[in-house]
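Visitor: Sequences listed follow chains D and P, in order. The numbering of the first sequence is numbering that gives the first Met the number 0, which starts it at 0 and goes up by one. The numbering of the second sequence is numbering that gives the first Met the number 0, which starts it at 0 and goes up by one.
Treat the hints with care, as some may be off.
To be verified - Simulated restraints on C-beta separations:
| id | chain 1 | residue 1 | chain 2 | residue 2 | range |
| --- | --- | --- | --- | --- | --- |
| 1 | D | 145 | P | 293 | 16 to 24 Å |
| 2 | P | 247 | D | 92 | 50 to 58 Å |
| 3 | D | 145 | P | 353 | 32 to 40 Å |
Hints were generated in silico from the structure; no laboratory data involved. For clarity, every value in this text was computed on a predicted model and none was experimentally measured. Cβ atoms here follow ideal geometry from the backbone N, Cα and C, with glycine treated the same way.
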Amino acid sequence: MTTNTAAEADVQKTGRPILEVLNVTKTYGEGHTAVTAVADASLSVEEGQFVSLLGPSGSGKTTLISMIGGLLTPTSGTIRLGDQMVSDMTKKELTSLRAERVGFVFQSSNLVPFLTARENLLYVASLPKNHNRKVAAKRADELLGELGLSDRANNIPEKLSGGERQRVAIGRALMNDPDLILVDEPTAALDTALGRQVVQLLAREVKQRGKTGIMVTHDLRMVEYTDQVFEILDGHLTKSDGTTPPAGH
Amino acid sequence: MNIALLEMRRAKLRFGLLSVAVALLVFLVLFLSTLSGALIESFTGAIKNLNADVLVYSSSARDNIQGSRLNPTVTAQVADVPGVASAGGIATTTTSAQLPSGKGDLALFGFDPNKAGAPGGLKEGRLPSATNETAVDIAGATIGSTITLLPTNIPLKVVGILSGAQFSAAPTAYVDLPSYQAAIKASNPNVPFIPLNAIAVQTEPGADPATVAGQIAKAVPGTTGYTIPDAVAKIPGVSSVSQTFGILVGMTFVISIVVIGFFFLILTVQKMRVFTLLRATGASTGRLARSVIVQITAVVIVASAVAVLLVWGALKGASSGIPVSLDPTLVLGTVFAVWLFSLAAGLLSIRRIRSIDPATAAGAR
Ligand SMILES: Nc1ncnc2c1ncn2[C@@H]1O[C@H](COP(=O)(O)OP(=O)(O)OP(=O)(O)O)[C@@H](O)[C@H]1O
Ligand SMILES: [Mg+2]
Chain D
0 MTTNTAAEAD VQKTGRPILE VLNVTKTYGE GHTAVTAVAD ASLSVEEGQF
50 VSLLGPSGSG KTTLISMIGG LLTPTSGTIR LGDQMVSDMT KKELTSLRAE
100 RVGFVFQSSN LVPFLTAREN LLYVASLPKN HNRKVAAKRA DELLGELGLS
150 DRANNIPEKL SGGERQRVAI GRALMNDPDL ILVDEPTAAL DTALGRQVVQ
200 LLAREVKQRG KTGIMVTHDL RMVEYTDQVF EILDGHLTKS DGTTPPAGH
Chain P
0 MNIALLEMRR AKLRFGLLSV AVALLVFLVL FLSTLSGALI ESFTGAIKNL
50 NADVLVYSSS ARDNIQGSRL NPTVTAQVAD VPGVASAGGI ATTTTSAQLP
100 SGKGDLALFG FDPNKAGAPG GLKEGRLPSA TNETAVDIAG ATIGSTITLL
150 PTNIPLKVVG ILSGAQFSAA PTAYVDLPSY QAAIKASNPN VPFIPLNAIA
200 VQTEPGADPA TVAGQIAKAV PGTTGYTIPD AVAKIPGVSS VSQTFGILVG
250 MTFVISIVVI GFFFLILTVQ KMRVFTLLRA TGASTGRLAR SVIVQITAVV
300 IVASAVAVLL VWGALKGASS GIPVSLDPTL VLGTVFAVWL FSLAAGLLSI
350 RRIRSIDPAT AAGAR
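Use the sequences and the hints to build the structure in full.
Guide: The following block contains the structure:
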């Protein structure tokens with residue numbers, strides 16, 4: 000893939016991938032009820048790369064991307080995004096990191112029920128310290144157009160189909176032009192055709208805008224749109240070479 | 000983008016009902032306080048607005064001006080007490096009279112125009128300066144009209160109109176002491192001696208009324224001194240009326256605060272998922288707390304506006320016989336207090352918001 004080689008060349012120039020996860024472990028709880036959801040995971044992703052994360056239910060996928068996106072703090076290990084050490088941030092810093100640098104599409108598409116599709120996008124645009132309403136309005140309309148939601152923009156989530164809601168959630172994740180896009184099972188609520196369309200859109204967004212994307216999926220058919228494949232099993236992360244089918248599928 | 004107001008616009012019914020509920024409660028608070036204020040004023044106005052700092056009664060008066068009897072010579076003794084700038088006698092009785100509204104009861108006050116103890120609240124005209132001139136707080140009375148005392152048929156010429164000078168919820172007429180004494184003598188020719196009921200005292204500048212009141216009681220045997228607020232509070236019935244209304248107003252106030260507090264707590268609990276999501280997408284706790292504050296403020300503003308309209312309408316509609324008007328200070332004070340305590344109740348909600356773990360939005364169980 001040409002973009003991939005370009006990105007690799009770029010890395011060779013700077014010598015540093017944009018996202019670096021090093022020996023990260025997350026343990027929930029304490030004592031004999033402790034659950035280690037992610038154990039000693041390391042991965043690095045370069046700018047412009049879209050990677051997929053595969054693994055059976057309960058293997059630690061959501062936990063891992065939550066830590067990367069600044070929602071959870073690792074028990075040990077480090078996470079670096081660009082020149083920011085995410086793993087060392089205070090709660091307050093993590094809040095603005097999420098507002099400004101991370102776009103998250105949650106596992107169950109989660110929208111504010113009393114805001115229209117368009118307002119759901121505009122709200123997150125108002126979160127970063129220096130925001131511009133006009134620019135935000137323009138970008139929201141653009142994104143809704145790209146996602147095929149122009150004529151659904153003024154509907155509240157209740158009036159949208161599952162797939163439409165999923166696309167609004169993706170629009171919201173892209174709204175603040177984040178450096179990092181994290182997507183948790185984007186295709187779960189969609190049929191194959193629509194799922195494919197959504198994943199293609201995400202891949203295009205990552206490539207065109209030079210972002211970094213991580214997509215959690217159960218669906219092996221979606222892997223073809225990504226540059227790297229990681230597998231996680233009982234919290235242990237491995238990079239897949241893409242030849243052997245991942246465990247658990 | 001103001002998510003708080005947007006939400007209220009989308010949930011008009013819910014917030015409308017809350018506003019109406021709060022409006023009714025604020026209405027009750029305002030209506031009861033206005034009414035109790037007017038009632039107490041009509042009981043106490045004559046004394047509260049008296050041109051004096053201290054009132055002296057006889058010790059046997061049991062704190063009640065109508066039970067007090069003082070020899071007019073005591074006035075000079077009181078005037079000699081250190082700290083007293085001016086002392087004037089006051090006498091009062093209840094009599095029948097021909098009023099603009101017909102025959103009725105009248106509280107007649109005699110005072111010394113050149114000394115302490117003139118009535119306050121002059122709205123129009125002047126205070127009496129000659130025999131059988133009077134300043135009155137009587138509904139419908141006008142300058143130049145005549146009030147006739149019954150059964151003596153003594154005519155009093157109205158030269159001044161007072162407001163807030165009623166006593167025991169009765170209309171009042173103020174005349175000079177000689178006119179007062181003549182009126183009493185006319186109806187009861189055998190009376191040997193006409194006592195004063197009280198002596199009004201103006202203290203010297205810088206003197207503390209309470210201290211002067213104490214000194215008078217010590218220096219002049221058989222007397223007790225009261226500061227004006229003290230004398231007002233001791234008028235029979237005043238403390239129980241104000242206490243009863245105070246309890247009603249206080250309870251209504253507390254209920255409205257509880258309603259607001261719990262409503263927003265329920266609303267917050269219902270919206271926990273949304274708040275968690277917003278925290279996860281990078282909204283700060285402070286921002287979400289502000290949205291609760293904005294909503295509480297909006298509800299209080301709307302409810303207060305409705306309540307003021309209701310009170311205004313109710314006061315216009317109900318003619319209660321005592322003069323009632325809506326006091327802007329009371330309205331603003333009440334609304335401000337409701338707002339402040341509602342925000343305090345909103346802290347329950349804000350505490351819930353603070354406890355949110357944004358990670359749960361990602362669904363890592
Ligand atoms: N808050 C929590 N407290 C305790 N244990 C947790 C918590 N969240 C997740 N876990 C546990 O950590 C493990 C990993 O959970 P995680 O949600 O990351 O899995 P997943 O790979 O996203 O699963 P799925 O595909 O079902 O979404 C599971 O065993 C889960 O039960
Ligand atoms: Mg998950």
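Visitor: Is it true that the C-beta distance of residue 247/P to residue 92/D lies inside 50 to 58 Å, as the hint says?
Guide: holds, 52 Å
Visitor: Evaluate the given range 32 to 40 Å for the C-beta pair formed by residue 145/D and residue 353/P.
Guide: Once the Cβ atoms are compared, 37 Å apart, the range 32 to 40 Å for residue 353/P and residue 145/D holds.
Visitor: Between residue 145/D and residue 293/P, does the beta-carbon spacing fit 16 to 24 Å?
Guide: Once the Cβ atoms are compared, 33 Å apart, the range 16 to 24 Å for residue 293/P and residue 145/D is violated.
Hint 1 from the earlier list is the only one contradicted by this structure; the remaining hints agree with it.
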